[in-house]
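Chains as they are written, first to last, in the numbering used here: chain A, 1 to 181; chain B, 1001 to 1454.
Heads up, a few of these hints could be off.
Claimed, not checked - When the alpha-carbon atoms are kept at most 30 Å apart in a straight line, the in silico BS3-like pairs for lysine-lysine are as follows:
(1) B:K1126 x A:K170
(2) B:K1241 x B:K1080
(3) A:K106 x B:K1290
What the hints assert, rightly or not - Going by beta-carbon spacing under 7 Å, a handful of chain B positions derived as facing chain A:
(4) W1125
(5) D1140
(6) G1149
(7) A1200
(8) A1204
(9) M1257
(10) S1260
Since the hints were derived computationally from the structure, they do not count as laboratory data. Glycine residues also receive a C-beta, built at the ideal position from the N, C-alpha and C atoms.
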Amino acid sequence: MAKLPSRRDESLGGYIVHGLPFPIDSDPESLAFLKKLAPIEIEQEYKITYLHSYGQDSPWFAGLTNRRLLASQDPVHGYTYATPRGHDMYSGEETNWIDITDRPAKVHAFTVCYFGSEEFLPETPFVLALVQLEGVNTLLLTRIMGVDPHQPSLDWIGMPVTPRFLRNSKLKPTDVYFIPS
Amino acid sequence: MRTVYAISGGVSNFTKARDDKNFQGIVKEAYDQAIADIGLDFPTFTHLVDGSVASYFSDHFTRQLMAGIMAQDYLGLIPKPSHRVEGGGATGGICFQEAWKSVASGHMDICAAYGFETMSHVETWKGNEFIALASDVSFDYPVGGFYSGYYAMMVTRHMKEFGTTVEQMAMVSVKNHRNAYHNQYAQKRERLTIADVRNAPMVAWPLTRLDICVMSDGAAASILVSEEGLRKLEAAGAQIKRPLVKVTGIGRGTDAMRMSDRPHVDYDFFMENYATEQERSSDETRAYYKHLWDHGTRYPGVHSFRAGRTAGNMAYKMAGIQDPLHELDFVELHDAYTSSEIQTYEDIGLCRYGEGGPFAASGKAFVPGVDYGLQLAEAPICPVNPSGGLIACGHPVGATGLMQGVFAIWQLQGSIAEHYGDAALQIPNARKGAIHSHAGTGTYVTYSILEREN
Chain A
1 MAKLPSRRDE SLGGYIVHGL PFPIDSDPES LAFLKKLAPI EIEQEYKITY
51 LHSYGQDSPW FAGLTNRRLL ASQDPVHGYT YATPRGHDMY SGEETNWIDI
101 TDRPAKVHAF TVCYFGSEEF LPETPFVLAL VQLEGVNTLL LTRIMGVDPH
151 QPSLDWIGMP VTPRFLRNSK LKPTDVYFIP S
Chain B
1001 MRTVYAISGG VSNFTKARDD KNFQGIVKEA YDQAIADIGL DFPTFTHLVD
1051 GSVASYFSDH FTRQLMAGIM AQDYLGLIPK PSHRVEGGGA TGGICFQEAW
1101 KSVASGHMDI CAAYGFETMS HVETWKGNEF IALASDVSFD YPVGGFYSGY
1151 YAMMVTRHMK EFGTTVEQMA MVSVKNHRNA YHNQYAQKRE RLTIADVRNA
1201 PMVAWPLTRL DICVMSDGAA ASILVSEEGL RKLEAAGAQI KRPLVKVTGI
1251 GRGTDAMRMS DRPHVDYDFF MENYATEQER SSDETRAYYK HLWDHGTRYP
1301 GVHSFRAGRT AGNMAYKMAG IQDPLHELDF VELHDAYTSS EIQTYEDIGL
1351 CRYGEGGPFA ASGKAFVPGV DYGLQLAEAP ICPVNPSGGL IACGHPVGAT
1401 GLMQGVFAIW QLQGSIAEHY GDAALQIPNA RKGAIHSHAG TGTYVTYSIL
1451 EREN
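Bound conformation, chain A alone:
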């Protein structure tokens, strides 16, 4: 029978290489000194790739890829959601898809982000906005291009805007953005 390994292989790197201080003796007085040891901090990496399904909202992204902006509409009362949802929150009914690409739209609220989450830092400054579309009951969170992010103005609220679509779809909500009409 082959001899089984009784030691783990050592590898380069690791913190002991840098020599952490530790008392030579293990008498109570020496060990009590450990309470004065500065905290040890190590790096822990955490990276995951998720398979994220858009589920019943998938057609909305397919619409963007085909340069169409879809919305969800309650078949009972006609309540219309700019950001899709499979069921209406008031009637509980399954919603239908409608095309709102050509509806007049305007800025309802906005900001310019000069700082942000790590993922979006390279894109700063960018203009975030909530856009209202005619005949649609809820708003759409989107980006605005074609305005100067260094000269924000409350006058942007109410500004008519038009959707534009990325040619190379990323299957993300940023496949659509808006520009001043």
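Following the hints, complete the assembly by docking chain B onto the known chain A.
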């Protein structure tokens, strides 16, 4: 339901980073303070306490699932019952209310509520990313997930519709930082001017760095008991401060995860479903709101928090409060942003919708006797965030709502000088106070009324 007393609390110092202890050790600091404040030793309290509720927001920050049981374990509370609650920024407020439910229902006589967050384990921009994951990851986060951006959009609408100004927002920052100057538990004890706030680096227009709370490490704990719990603790030698503080109102509300999905209801629907009794009964206020709606206001839109209004109305009804501005002696509310403090004034009925900006600048929400370096037109009526709030105390998310509860207990006990080491923030003769905890873009909001017993 049984009467519930909030008898004590503890708060670890909120700081940028606590690398000297892990989260269990920080929770124990707050927990030990809550026990010491009633004069009991650790084993005696451990023997008597029936269970607990644990509160922390993000598994990402700890990179540890089931951190709640690790704190329960470290505190020596096993095998007593416990559960973890999570509801974004309102996590601490939910924890306080769940502990209240445990006692009010008769399930427990003595319940410990503890919460924490250790946000320093990642850089600020990664922390912003974690927090932004509390927005819809299909539709909101990918557009530029950043909570300061979301709140900045709300306030541009508030400014456009109601004329709110950046200077009014800055006055909230000056007030809360200056209050915190007298609170030894606060992370940022600063004397600022309006110019300081406006000249700080712009984060998300029009919010500067001093309009926004910071990330923190910290913990807080509170002990809630029934009459029977009170008797048990005192029989064991506890020295529970008098006057007692009881929880007289509990409210909670919710709203759509995506703020773009919030409705825009008409005047009649607002008056019937969301207006306070005080608003409904005033001809002048009804006319004021009719004027707003005639000029385009819709409710809640993105400028108002329907969840906060729902929570407030519920708690006021339970506590029998008709006129919050004059009946409450203080409010500790969730000022993650100066703008959200202004929005919340309106939700909880300290002023009418649209009047939050002038209210902020009026002086009504300031602490009497504190020098803010400002010319205030009116005397304080109901100080808001006398502790310094989230903006100045810090916002270790799972601890924040409990921190507010602890500061409210101390205000109502009249023990601010003892605990803060400075009497400047003690509201004279404080009898009723409210704590308000808020999540997401207004998705979960809790509101609790605490009252000093006669």
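Here's how the hints hold up against the structure:
Between K1126 of chain B and K170 of chain A, the direct Cα distance comes to roughly 23 Å. Compliance with the 30 Å bound is thereby established for this hinted pair. For the suggested pair K1241 of chain B and K1080 of chain B, the alpha carbons sit about 26 Å apart, so the restraint of at most 30 Å is met. Simply put, K106 of chain A and K1290 of chain B have alpha-carbon atoms about 24 Å apart, close enough for the 30 Å limit, and the pair holds. This hint holds: W1125 of chain B has a C-beta 4 Å from the nearest C-beta of chain A, less than the 7 Å allowed.
With 7 Å as the threshold, the beta carbon of D1140 of chain B comes within range of chain A, its nearest partner Cβ sitting at about 6 Å, so the hint holds. A least Cβ separation of about 5 Å between G1149 of chain B and chain A falls short of the 7 Å threshold, and the interface hint therefore holds. With its C-beta approaching chain A no nearer than about 12 Å, A1200 of chain B sits outside the 7 Å limit, and its interface hint is violated. Annotation: interface hint on A1204 of chain B holds; nearest CB of chain A at approximately 5 Å, less than 7 Å.
With its C-beta approaching chain A no nearer than about 10 Å, M1257 of chain B sits outside the 7 Å limit, and its interface hint is violated. For the restraint placing S1260 of chain B at the interface with chain A, the shortest Cβ-Cβ distance is roughly 4 Å, inside the 7 Å limit, so the hint holds.
Consistency note: the structure conflicts with the earlier hints numbered 7 and 9.
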